[in-house]
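Protein chains in written order, with the numbering used here: chain A, 1 to 372; chain B, 1 to 386.
Just so you know, these hints were derived from the structure itself, not from any lab.
Ideal Cβ positions, reconstructed from N, Cα and C, are used throughout, including at glycine.
Just so you know, not all the hints are guaranteed correct.
[Said to hold, decoys possible] Away from chain A, derived, C-beta distances all over 10 Å, residues of chain B:
| no. | residue |
| --- | --- |
| 1 | Glu31 |
| 2 | Arg75 |
| 3 | Asp111 |
| 4 | Ala280 |
| 5 | Glu297 |
| 6 | Ala335 |
| 7 | Pro381 |
[Stated by the list, open to error] No more than 20 Å apart at the CA atoms, straight line, and that leaves these computed lysine to any residue pairs for SDA-like:
| no. | chain 1 | residue 1 | chain 2 | residue 2 |
| --- | --- | --- | --- | --- |
| 8 | B | Lys112 | A | Arg295 |
| 9 | A | Lys93 | A | Gly48 |
| 10 | A | Lys252 | A | Glu263 |
| 11 | B | Lys112 | A | Pro297 |
| 12 | A | Lys93 | A | Ala125 |
| 13 | B | Lys301 | B | Ala280 |
| 14 | A | Lys287 | A | Glu263 |
| 15 | B | Lys112 | A | Arg300 |
| 16 | B | Lys243 | B | Asp228 |
| 17 | B | Lys243 | A | Glu168 |
| 18 | B | Lys242 | A | Arg273 |
| 19 | B | Lys243 | A | Gln189 |
| 20 | B | Lys242 | A | Gly191 |
| 21 | A | Lys252 | A | Tyr298 |
| 22 | B | Lys243 | A | Glu71 |
| 23 | A | Lys252 | A | Tyr337 |
| 24 | B | Lys198 | A | Tyr298 |
| 25 | B | Lys243 | A | Leu190 |
| 26 | B | Lys198 | A | Phe186 |
| 27 | B | Lys198 | A | Val143 |
| 28 | A | Lys104 | B | Pro139 |
| 29 | B | Lys242 | A | Leu190 |
| 30 | B | Lys112 | A | Pro296 |
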Amino acid sequence: MTKNARLAEATQYLHDHALEGVIAFSNGLNNFLEANAIYVFSGVRPVGESAVVLDRDGRSTLIVTPAWDAERAAALSTTDHTIGADDLADALKSAAGKHRLTGKRTASVGLSLLGQALAGRIVAALGGPPQPADDLARDLARVRTADELAAAERANWIAERGYERLLEYARPGLREFELAAELYCFMKQLGAEDNFLLLSASQHNLAVRAAGERILDVGDIILSEITPCYRGQFVQICRTTTIGEPSPAVCKNYAILQDAMAEGLAAARAGARVADVTRGMNAVFGKSGYADYCRPPYMRVRGHGLGITSDRPGDIIDRNERVLESGMMFVMHPNQYLPDSGYLMCGESVEVTPTGARALSVRPAQLDVIAA
Amino acid sequence: MRTMQPCVTIGSYTWAQDRLPNDEFSLRLDELRRAMVQHGWRGVLAYGDVREHAALAYLSNFIPRVRWGMALLPRDGDARLLCAMSTRDLPAMRTLTWIADVRSGMGPEWDKAFDPWFERFAGEPPVQFGTLGFDLMAPVLHDAVRRSLGERLVLQRADDVVAVPPQRKRPRELTLLRAACKLVQDATQVFADNWRQKSGEPETAALAAERTARSRAAQDVRTLVSLDGGRTLLPFQGRFEKKAGPLVGYLAVKLMGYWADLFVTVDEGEPSPARRRVEAALDTLIAAMRPGLRAGELHAKALAALAPWSLHPALSQSVGHGIGLSLNEAPELRAGADAALVEDGVYTVQLGVADGVAGNVLLSTIVRTRASGAEVLARSPRISLP
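Here chain A stands alone, though its shape is the one from the complex (with noise of 0.2 Å):
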């Protein structure tokens, strides 16, 4: 499937749902926990505030904001026509009046993500509300092509890169900000259009949090969540890494971690539930006397969908029902705070396969540690 065949899905959606019509938003943020609708249906990563217009006949149109990012957005775009624009609403407008689209019998992907403001006005423009179907990117998109897959083992070979960094240049002395500002440039150069970097560091933490400016020291425990994003593809793996060798109890509750990890793969092959998966990681820390720190804020979530194309099947928590599908993509992370070692990190981007879940890693996550 490539991303004309979901535009070809897209029409046929229209069809069966007698809509006119469909108009799919961008607000111009690549947010790597959702699908970005104009990506998925035009394969262009916006600048600016932008929209793909898709008509029941299959015709298409891509309108991007600021109009000098026209000629890339064309050069790049699936869609029949592109349009550059300083005004979203004003050229969406006329857009919307060649695919003979009126507000009523169009639904619209996105438009919720806008600035109330400039939503107002589109929908002033198209003569009214549209009908919302802001699962329809996301849902078309929800297994990934080979080309994405393709794109997503190469973000994540520049992820184990940057983490290989991460341990050449971590040394007592620097500031959070320097080693992620290292990191960053250091993957941007293999190729990373964007990254999800959080990385701090605390003899004991409470949660990964943005680098800031704590100078690292011994003792110090580095977490990491390395999220390159490689032709839209977003992956991750979180870290942790010791400045000098770990307390025993780290060493103890990291091998609960990997453990949750194991449980997970094995658990989330193709025909599982997400809340099966989630349980059966869960009990692992139950087992070990630590049920009562499944649940906020000991962690967050065990894992969870990465955008851009698509954030299905969303975060992997015990509440989720969704139905796993081969060619998935998501990131498994039994991340959590225990009381005598702080909050760990160890998460992989992982494919579902029909025997489990296939970790894009080559080397999995462990208790790295950096001579002091």
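Position chain B relative to chain A; hints supplied.
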């Protein structure tokens, strides 16, 4: 300039109390409270997101690194800050602002954090609150605000009534802007030198500049480069290919909350006719910039100085704008714009030409306007013109 928004800003964020002490925010709030009295508001709700947060940052020092934040600022009483972060992230968020009461506004926390703050107004007739930045708010969040407030409060859009942040920079803001300008100046020099002396690759040169800025505590860095000799600009492509000149690119850095940006153009040999014309036009505009000059007048002077060539399409018919806590502050320096430059205003002035014969060039300067004359805070690396 619009640039690709990163999914998170990774740089060095903290409340630098030595640079922006508590009394600085007291003075900023005093100004806002005067506006509250004048307009009959019992408070102001200041909203910002990861992309645009100038008003929120000016009043609270809080800069959302992902999602959004909102300061609840009463005319009397204690402020509260809501951020779209989970409860476990709040200890880190509390280090970013002078506001002691920081709460999560995500999911079920909304009802615990937003609604109760307004209980102090219970029993009063509907009271009026001003809003800042609400145009940017996603409709779903705006609906939640409306639902929570019900009939208790009337919201009035304050953005057009009070300028937050003001166009005139405060002394401490000017100090921070100078630091940001120094950083962008140095990093832009690295941009030019890397391309000219080392790589010959525009994207490698831009990344070298980015690395320089990030290693010196930049909170955010944005780059654009041209891979066609300056005719068009592109966000990061990851190609790292050698390209013949001229090198044309753009760099923006944010340091301690304040942005500075510069274009860079490096010719391969002798300066192009377009380069000479744009350098001279920048000199003309710097000499003309005074408090009271209308933005539209400055735009007209720019076009006259560039004639017969027209403005580079990448500039979107603008020759610049204010700069500070936002990369794109008012006023926009556009044709016919009526806003006047002010004393201690800081503006990025951007000029360029795209011409197949005369050459492609984009250059800029950051200027502080004073009655005694413009102070140049940063300027695109200059080359010696014979």
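Which hint numbers does the structure go against, in order from smallest to largest? 17, 18, 24 and 27
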